[in-house]
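Position chain B against the provided structure of chain A, taking the given hints into account.
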Amino acid sequence: MSNKLLTIAKEVVRLAEKKGAQGARVSVYRSRQSRVEWRDGKLERLRESTRMGLGVTLIADGKYSSNSTSDLRPEAIDKFLTEALAVTKLLAADKHRKLADPERYKNPHTGDLKLYDTTGIAAVNAVERKRAARALEVAARGAPGADRIVSVSSRCSDSVGESALVCSNGLEATRRAAAFVVTAATYVKDAGHRKPVGWWYGVERQRAKLPSLASVGREATRRALMGVGSKPMPSGRYACVIENTTAARLLRWLLAPADGRLIQQKRSFLADKLGQQIASPLLSITDSPHVVEGLGSQTHDGEGMATRKMVILEGGVLKNHYLDTYYASKLGRTPTTRSSTNLVFSSGRNNLSQMLDAMSTGLFITGFSGGNSNPATGDFSIGIRGQWIERGKPVQAVSEMNLAGNHLTFWKRLQELGNDPFPYSSVCIPSLRFGKVQFSGK
Amino acid sequence: MSKNKGVDRRQFLKVMGAGSAVISAPMLVAGCTPKAGLTRTDTTPRGAHTTYFDGFGVDIGRIGRTLARGLSRGGDFSEVFLQHKVSHWLGLEDGEVNRAYTTVALGAGIRVLKGDATGYAYCEDLSEKALLAAATTAAAVADGTPKARPAPLAAVTVPNRYIVDVPWTEVGVDKKVPLVQRAEKYARARDKRIIKVTVFLSDETSRILVANSTGHLVEDHQPMAVLSVRCVGEHRGKTESGGQSVSAMDGIGFFTDAVLKKAATEAADHTTMLFGAGSPPAGTLPVVLAPGVTGILLHEAIGHGMEADFNRKGTSIYASRIGKRIAPKGVTILDDGTNVRLRGSINIDDEGTLAQKTTLVEDGILRSYMHDLISAKHYKLAGTGSGRRQSFRYPPVPRMRNTYMANGNQRPEEIIRSVKKGLYAEMFSNGQVFIGAGDFTFYLKHGRMIENGKLTHVVKDANLIGNGPKVLETVDLVGNDLEIYSGAGYCGKDGQRMPVGFGLPTIRCGAMSIGGRKS
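Which chain is which? The protein sequence lines are A and B, in order.
Under my numbering, read the first sequence as residues -11 to 430, first letter to last.
Under my numbering, read the second sequence as residues 977 to 1495, first letter to last.
One or more hints might be untrue.
[As the list claims (entries may be wrong)] No farther apart than 30 Å at their CA atoms in a straight line, the calculated lysine-lysine pairs in the DSSO-like style are these:
hint	chain 1	residue 1	chain 2	residue 2
1	A	Lys318	B	Lys1105
2	B	Lys1238	A	Lys67
3	A	Lys177	B	Lys1446
4	A	Lys197	A	Lys177
5	A	Lys30	B	Lys1469
None of these hints come from the bench; they were simulated from the model.
In this text, all values refer to a predicted model and were calculated from it rather than measured experimentally.
Just chain B, same shape as in the assembly:
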């Protein structure tokens, strides 16, 4: 943007600071190409260290003084995390796009580390006074005299995995309304038994800057797009509801007609298929997981237990198991921040570490945890770029990004054919895990029974429960059809909600307890 003559950068940022574009303003981006526009490259400090936050009056000098204040009581490390996030939500109900929500968040989180103890404070005012006050509060994690001064800041350039032509802050509601309306039209057209459709489109534009006392300084521009469609259907006196969402680290270009249609028709299908569905039998059955959203299994059963904070504290069921076999041969699990535009992708994590592709399990052997800076130091390892936070209001902790299992060599139909009686789990809505015991659950919205190797009737609404390590040990067939879920996945931990991705090829596991209503 700074290369775009005719637009005063500071003035432009002030507009952004206040809110968002009302109607699309193409003149603001006319001079921007994907590489020279509001992209990672553009915001890289250069020359006089100009940063995005310069527009809010926060220059390198102010950041440096804040870092120094953080170390003023003997802390080992201090960090400034600046964020400006503009979020929009546009909703359709009963045929009309008649509601909109906008949220603007601007602030700074200041973190000071002393050993593995953390001092954290934030402010919602980027004045020097407010930043120094927050740094003073965070500095109190230590109780001595300063040992070191922060190193001079040197900006780092990172590759961009989510270039957008036009940032969401410049996309007006006039461009979004037709997308929402089209999605509704597709859902209603899919089946005449659909009687209600709600659609929402939400977008986010988050600009972050991470600077720390080692001299590291890096910025990122993180776009997010979500479209969600929910349908209600009526048939012979029965009412059912189903939905679908799509999400990516992308701009408005993500919402092609094909994407809208797919989300809308799947939402309708997920509703109407339930009319003939029943409850699965209560008890244990072998489970075949369909590809895609079933990756929640990895997230809950295995992923959280491999976040390094739980292992550093010795409270995970996977503590002290690096290098040990935890799954059969053929099972490889990755947590990956480097996929282009996927929902859990990042250029840098929220500690400024470059995103990585981390192999958690390789051919059945536990290879790595997911680390933030604290756990990486504890284990004397390089970080994995997994330190994430919901916003400047929270300290970072190890979190998943896109978690998935690598393809095996089985054909999916062969896996289904191999089961005499079992459950084919297709759509999950949520899950939970107890890290220490390893017991996890996930909630089946719908699936089908497998009888004599064939998919039969649809079943719905049952909780599945198992023990993560035990279930992982029973994964004996892995399909060649890896699918990454394209919907809006969230993960909650430590009071923080993060966007994540997950995926799975078709796999067969051993028996799990299925919470059906039929005895």
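In isolation and in its complexed conformation, chain A is listed as follows:
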């Protein structure tokens, strides 16, 4: 199939050039997703989809547009390109718009990243998905405290995607990847009409590496029960541990302003921070595109540039920005890459339980809610839930509280990283322990 997609992509590039584009980048993709959703002892939804489409970036007379369609009939593509080019030519010229430097296409990673599990894809079918979804529910209902359960939903899904990327200045690349997902969500009874929810999941490139269905179901129920009887603590400055399952949400806000567009548009508090200490010396982060079986692994970025390992933070010092060809040109700098792949963190020595012991008293944050972060100033504020910890042990479920700060001071209060990088995300973040930070509660 990848060869067929490559043929289509090459043909679209040829056609775009024939119609007057000086540069064209074309991606063609095909994906399939199958999913079984199960709820309270019976099938809830069965979903199957096959998707195909193409995206075309055009540069004509120094002008730029990007276009996509799911209508791949040859006559439709022809008409689509004609119109897209005509629209492009009505825009203002932009000297910074160009395809990536072809030198950057060269020497991509060639090893097997094991992103496509042929055996796993062959083994899974509708019957198997139903069996797995049912087993997740059984496990959730078999966990301690199950008499509080109101409802259990579970899901088993898998997807495969193939794509081809062709640039008119000399790139032809293909990609094939699969992913397998199992999830369970448990709702439990609480005081009044409250029904706290807990969920757990696994996502893997290789099906055999998924966590056991029993462990996923049980964990969903355990996490729901953790929310029973929750209440806000008084407002104050407390130490906290942020669980690895949820810490990526804050980390993404720290790194989002490293994006070239925000920097060029003067909306980034990281614009002038290269080479400066912006976080605790304990924090080092590397963008690592070639992690075997990595959820964010890729050999080429969206512009076709061969991906490279890139240090983002080293000992808390900001080392790189994310710059695509366009915004790098506007800023007069060398492109790095447009967006993150896998983020790999410096690792600590202690597990979560030891980190809670080290904190002794404070908040253990197991989930975030809502919130936002101002990329221009670094101010952020976000809802939290979790547990109040005394002597390293949970003593009270917590909800209806907020955590607030400014990234440039907040991350300097990081005191410890755990030894537990989260496996089910491209942000492989461990649990994090902070000194006293500002919480609002009752």
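Okay, now just chain B, sitting in the frame of chain A:
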């Protein structure tokens, strides 16, 4: 359009199928009046059951055979949802309109129900082979032999709440560029501290057809217009950013000079007002919500919990509370699809049910959930026209449309005067809710402190958190100044993103936890 002599309908649709108008093509619409043009009335099947999708080779016979295939394994109900959607995006940055994005989506979603279980599949090719293959996949939700055949299809005519003179697919980029440029000019002219302005104009034209095995067949033409302005300002070494958007189910006529100017100047004002702003204190304070965008409170704190799927499953904090008092007297909350041209308005929902105005809470009493066909059947009620989906790639679920609180009788200034110390919340950017526990948050972009009944200094960037039912119980003053937010609101649920509207008069609630940075 079919009445427009000189334009071959099939040829015209093929052009649309390929993409969009490059420059405006008035000759294509010269014969169209608002009622006879590309409107609801025009697309109503009549006579030989001609539909918009006839132009793509999908006739009534093919739809009927697809519905029959859906029932081939014993399903109770089958449905075909056809969609052709053309979206454009035009952007200005650093003074130049130099980027454009176009997306064309064409496909069919096939749904089969067996009890309350759903089989769903879609295809992006409207050939009979592709439609039947998708129907076969969806039919597998059942595992038996066919019980019934689909009823003969009978087209339904519905009133149109968003007639457009010229559909967006016929509006060229030449007509849009000046609008974007004017918006930038207004933003820059507002304040010399504005150093960067980005503007985008996006439009959508979605043509949908819903047919199901009960014989129901209905079509709709859904236009959408959005303009967004974002500013960056610099003042004494501080950088701040703010924005504003406007949106409606409308054509290019929506973007009058007054609309452009209002969006642009508000974007500039939302930026410059932050220079002197600080963080509110961390802790709990009574909150007065300004009218308009603060309707996010209703959406998050109450609205999602009243979507019937969560109640049917027993997982909402509002499950089994119909007929019970959940708010003080004087609080009436509606979810309304019938407002003319509002962002969340619909003629029909995405299951083909007529849009309605649904009273969720009447004078404090919970009266109704929002239903799709599955939940309406579960509760043995008529649907509320709330079954919505992002596109043919998704099954419909109960969703909000335009959610707002009815006016009370308080004057807004009296409400502010009634608070000794509190927060006056003016602009929110986003929110989230946990349906089961009822805990919700919403993010304050800016507001003002209330001290001794007066509005004082500006505060910004704080998350507010509370429990929906508890907050609703504390709404004790309702203003007479209902304002529906005119910007581009989105709602995410079940992996689907939908345009929605919301609104609120000035209201006073009890204390909420405010995520300020100052202790």
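Checklist entry - For which of the previously enumerated hints does the structure constitute a violation, in increasing order of number? => result Violated hints: 1, 2, 4; rest satisfied.
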